Structure formats: structure tokens, C-alpha cells
Amino acid sequence: MAAAVDHLLPQDLSKLDVSKLTPLSPEVISRQATINFGTIGHVAHGKSTVVRAVSGVQTVRFKHEKERNITIKLG
187 MAAAVDHLLP QDLSKLDVSK LTPLSPEVIS RQATINFGTI GHVAHGKSTV VRAVSGVQTV
247 RFKHEKERNI TIKLG
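Under the working numbering, the first residue of the sequence shown is numbered 187, with each subsequent residue one higher.
These are computed hints drawn from the structure, not numbers from a lab. Each statement offered as a hint is correct.
Derived lysine to any residue pairs resembling SDA-like cross-links, with alpha carbons at most 25 Å apart:
1) Lys249 / Arg238
2) Lys233 / Val243
3) Lys252 / Ser234
4) Lys252 / Thr235
5) Lys249 / Thr225
6) Lys249 / Ser234
7) Lys233 / Lys252
8) Lys252 / Gly242
9) Lys249 / Ala230
10) Lys233 / Thr220
Computed beta-carbon distance windows for the label pairs:
11) Asn255 / Ile215: 26 to 36 Å
12) Glu251 / Ile215: 22 to 32 Å
13) Gln197 / Ser241: 24 to 34 Å
Everything numeric in this text was worked out from a predicted model, so none of it was measured. Note that the Cβ used here is the ideal one computed from N, Cα and C, for glycine as well.
My request is simple: use the sequences and hints to build the entire structure.
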């Protein structure tokens, strides 16, 4: 077995119940890569749509954004 890395939770298969693992389990999350990406584009060129399609995160958060179907403020 490979040496443990500080930021990874141990995964000893003799003690780990793999039937209870989910994508949000700490044992799985500690091994997920972090990917950062940015979007640049002009107004109304689909930046928020791309972010939602890739990440599943809904970027429209405010009432006025939903009414006008635009993203006014990110972050």
C-alpha cells in the first residue's frame, strides 16, 4: 500500500464500506481534483449558460436577474 498523504483520508478497503460511498463522501471528496476555469465574453454571449452547463451551478441568484433573464452580479 502506498504511503498516506496528509490531505487524503485513508482508504483501507478492509475497513471501508464501498456500498455507502457517494460523490460527497469525505473519502471521495479528498481525492477529487480542483479545477478552476474562467469565462470571458461580451454581454449576452452565454457565459452564465456555459458555467451552468459545465458545473451545474445556477448563477442566477437575484429576483431581478430571473425577471430579466440576465446575470447582473456574480461572485
